[in-house]
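*Asks:* Given next are the chains, with one letter for each unit.
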Amino acid sequence: MSTALVQAINVTKNFHGNEVLKGIDLDVEQREVVCLLGPSGSGKTTFLRCINQLETINGGRIWVDGELTGYEDRNGRLHRRTNKDIARQRRQIGMVFQRFNLFPHKTALENVVEAPVHVGGRSKAEANKRGLELLDRVGLSDRCDHYPAQLSGGQQQRVAIARALAMDPKLMLFDEPTSALDPELVGEVLTVMRELAQQGMTMIVVTHEMGFARDVADRVVFMDAGVVVEQGAPTDVIDNPQHERTKTFLSRIREETEEHAAALQARLDAEQI
Amino acid sequence: MTESGSSAATAADERPGAIDAVPVRHLGRWVAVAFIALGIAMLVQFMLTNKAFNWSFVWKAMIQTPVINGLIGGTLLGTAGSMVIGVVLGVIVAVMRLSDNPVLAWTAWAYTWFFRAIPRLVLLTIMGALGVLYPAGMRIAIPFDRQIQDLLGMHGTWTFATLDANQVFTGILGGIIGLGLSEAAYMAEIARAGILSVDPGQNEAAAALGMSDGLAMRRIVLPQAMRVIVPPTGNETIAMVKDTSLLIGIPVSNELFFQLSSIGSRTYQTFPVLVAAVIWYLLICSVLMVIQSRLERYFGRGFGTRAPGPRDQAFLAKMLSFRGGGGGGGM
Chain A
28 MSTALVQAIN
38 VTKNFHGNEV
48 LKGIDLDVEQ
58 REVVCLLGPS
68 GSGKTTFLRC
78 INQLETINGG
88 RIWVDGELTG
98 YEDRNGRLHR
108 RTNKDIARQR
118 RQIGMVFQRF
128 NLFPHKTALE
138 NVVEAPVHVG
148 GRSKAEANKR
158 GLELLDRVGL
168 SDRCDHYPAQ
178 LSGGQQQRVA
188 IARALAMDPK
198 LMLFDEPTSA
208 LDPELVGEVL
218 TVMRELAQQG
228 MTMIVVTHEM
238 GFARDVADRV
248 VFMDAGVVVE
258 QGAPTDVIDN
268 PQHERTKTFL
278 SRIREETEEH
288 AAALQARLDA
298 EQI
Chain B
227 MTESGSSAAT
237 AADERPGAID
247 AVPVRHLGRW
257 VAVAFIALGI
267 AMLVQFMLTN
277 KAFNWSFVWK
287 AMIQTPVING
297 LIGGTLLGTA
307 GSMVIGVVLG
317 VIVAVMRLSD
327 NPVLAWTAWA
337 YTWFFRAIPR
347 LVLLTIMGAL
357 GVLYPAGMRI
367 AIPFDRQIQD
377 LLGMHGTWTF
387 ATLDANQVFT
397 GILGGIIGLG
407 LSEAAYMAEI
417 ARAGILSVDP
427 GQNEAAAALG
437 MSDGLAMRRI
447 VLPQAMRVIV
457 PPTGNETIAM
467 VKDTSLLIGI
477 PVSNELFFQL
487 SSIGSRTYQT
497 FPVLVAAVIW
507 YLLICSVLMV
517 IQSRLERYFG
527 RGFGTRAPGP
537 RDQAFLAKML
547 SFRGGGGGGG
557 M
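Residue numbers (the working numbering), protein chains in the order written: chain A, 28 to 300; chain B, 227 to 557.
Bear in mind the hints are in silico, worked out from the structure with no lab data behind them. Some hints could be false.
Facing chain B, a subset of chain A residues (Cβ under 8 Å, in silico) [what the hints assert, rightly or not]: (1) 111; (2) 132; (3) 159; (4) 179.
Quantities reported herein were computed from a predicted structural model and do not represent experimental measurements. Even glycine gets a Cβ: it sits at the ideal position worked out from N, Cα and C.
Just chain B, with the same shape it has in the complex (with noise of 0.2 Å):
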């Protein structure tokens, strides 16, 4: 007999155990990964002899105090406040739309409509000029409180305070509430894709346990909504970082890019600082990726089998007391 005979003798004596194969070659990978490494040594290679990245200069650049005041103050204060904004006001509109009340949802959709058409940069140099309109200040008082008094013949004030429209349009405070209006209309319809994901019957068993509308809104079908709106809000959030980039239109200057590009235009090394705010923009995009994908994990709980780790809640817990009372506080 062969051997293979033989082999084939053992095998049936014996029932076939573990697998130990010899795995395929992949050419194709080896061929790609000698293309990418050749690649990669150019570009490093270019980096660090061209002269025009004048990387001393780079490094230096990106810590002037005028650099990082601009990014915490314009570029992350910026991104956080309209992101708020965007997300409570975009899911208070994607409520609306969704609403039985025709009244709030043509509102909402309206809203929609309305700031989604509007670039930013428009919006944003808008929002600085909107001064123009309340010249004597914006008063907080009862609605048409003059007019009323003309027709009853009555003198006084009504008027609770009044603003310098100035410093609430202009400055970083009119930049967050442009940026945030506007991110609401995009939120709300991620918001509205997020509601309508998830399965009717569970806003019918929470209906049949006698819960209201907007307890079962708030307890059982954000929830899970927010499953599906997290990965998109990400989106949002890194698109938001570089949206900081138009404040100029306001204009407010204490912002990362514009600091450094005014470094770059006194000191003729134009080049360099655009090195340092991509650096600047890399590095806090990953940070929002690291949040973003704990976040995903937190809202994907019970969906698939494997059981939440700890480290899932305690994180959430630490950053942003999700659970527990008042729900709708993280939203």
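Chain A with its partners taken away, still in its complex shape (with noise of 0.2 Å):
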């Protein structure tokens, strides 16, 4: 068994005969950051689920950290594992949502802090510390106490990243965190991300963040309609794509955020008159 954290090979997923994903291979080792590029409906946000099992992948395999995921091989036969053992796998990877997720009935610390009490068993007060540092270390301890309606969209996501870290996960899946985010509180999301990058975690990302991309990720895979079209250092594939898929894509990519760009400036510029 290699050494990645995750390893897919010749991943399949239909919807209704509908094929999503068309045999994916990808590994992803320890420390890395994998940014997933492409058009939507390119099967990138499908494959994310898949690897932490939010969706029953139809043929492949995916390993994380050396276990087969949702199956069990004994004697070269598979065994659709037990939903508590898939329960079990998912503990290790934290998972971020586009639209946060977070518990509305639950204040910002208590969503961080219900599973490691109600999951990990852990006492109430030594879930209470860590869940009020990883609120720091998201930049809001001084929000514990605020409901998630009310806080910003910027501020919610930073909370569900808080929760998703207080598992201590071995691997962070990020499904498109910032496109449900007004573009000024995009930074706040990425910049915390940033960090967590830095300080070592494995990392999924899905995103059209080119510049986070570029600045922040080992390496990207450019995803189009269920295969993967080209993957390498940022630099190679979003300065000089090589797949005309990938070029086009790119292209369409830069219009809109330029697009983006002019229209935040415009509004910024209206604000402070």
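Work from the hints to combine the two standalone chains into their complex.
*Replies:* Printed below as a string of structure tokens:
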């Protein structure tokens, strides 16, 4: 078995006969930051969700930390794992969602300590102490008693990152973590993610933030129509794409980004008047 | 220059401040007030002067010992008991209905189908008659014990206890079971709607944190579903207060309405006892409405931007101890 933390071989996934993933191969090493890029519908989010089994794959294999996910190989025959065993496998993987999915009936701190106390079996006092540390790390220790509805989108997403970190995951999955945010709130979330990458967290990030991918990713993977089109160092793929599909996508993203930047600048200017 | 010209000039110099405007006149409202006030005055005058109301008898009837006993031991106990069974069983049936296990889902559907179809008066009458099925008492034993013993040629008793079926199924206990079973069918649909109202992203977030389905249901989904479940449950509870008057089907006579109407037929004061019953039902429902609004505020916490007051927490901590360990205790 290789040393890769995540190893995916020939992963396929259908939704009602519609083939969304057509044989994805991907290895992610310890401490590596991989950004998945690609147009919507390319399967990148689906692939991310397959890694922590929010989607069940139809073919291929995914190993996380050397353990086959979802199934157990007994004498060459695959046996489906029990829900309990799948829950155990998910515990080592943190996930951050596009729409945050914080628990609205719990405060920021309660969101963070929920899993350590009720899944990890830690004492409340211990979990609270660690929870406050984590909220401090994402710059929100003064918001610990706020409910999600009382927080901005950027703050909610940072709480969600702290919540995912509370289970001490070996791997963090980010599913378009800034897509639902107002443009001026994107930066604070990316800053937290950048720090996390610097601290050596293994991360797989589905994103449209080219600046983040270029600065932070060790590798970018470009997907389209359920296959990996090309991958490599961010400077190579983003600045010097080899495939036509990658070129088209990147130029479209660049236009959009410029439009966004212009709109944001106009808005900031208007506010200053 | 005219006056308006000079005021426009000052407005240009000074930026507009607080608004002090003449309100719109609501003529329609005053007409409505007049009509309704007239109606109320006529009603009060009628109720005070019409001898058939016999108010002094109403007050006396309301606090007769059998009436108070019927109120507590029949109406209130019946409501509380049947709603506890109804809510707990209803949530279980709802979770079964939404289960991946087709056998559980079908069983839950069949339960709702059966108990929703039977009128409560008919169901309670059946409950009272169930004793007929167990002339020798109801045995709590190993299933098919006699058949197994016959098959293996064994003797002796595998019975743990024998209950008198008439004690179980008649009286207030039978009433609570009957009304509770019926209520569970309705509560199951209410709970199901509540569970389905919770964003599926909540379940995914819980799963991604390594929670089991049961834990996610108990800690994440149900507390949020309660926000949707509580208002119709308040409705059901208030309806149940009134449906306890059907306990006579069992028959249970220790109940508010039966006691009052029997005073009425003994004394020929049939109308005043009905007024007494109405006043009691109004009082009970008023109290229940206050409890319901407190519950709604508690389960609405985190929705909307209002910070929850300490009263919300303290009230429930005292009443039901919903929070903390054993989250299922509050269901």
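*Asks:* Next step is simple, just say for each hint if it's right about the structure.
*Replies:* So, going through the hints one by one against the coordinates:
1. 111: holds, 6 Å
2. 132: holds, 4 Å
3. 159: violated, 18 Å
4. 179: violated, 12 Å
In terms of the numbered hints stated before, the structure departs from hints 3 and 4, listed from lowest to highest.
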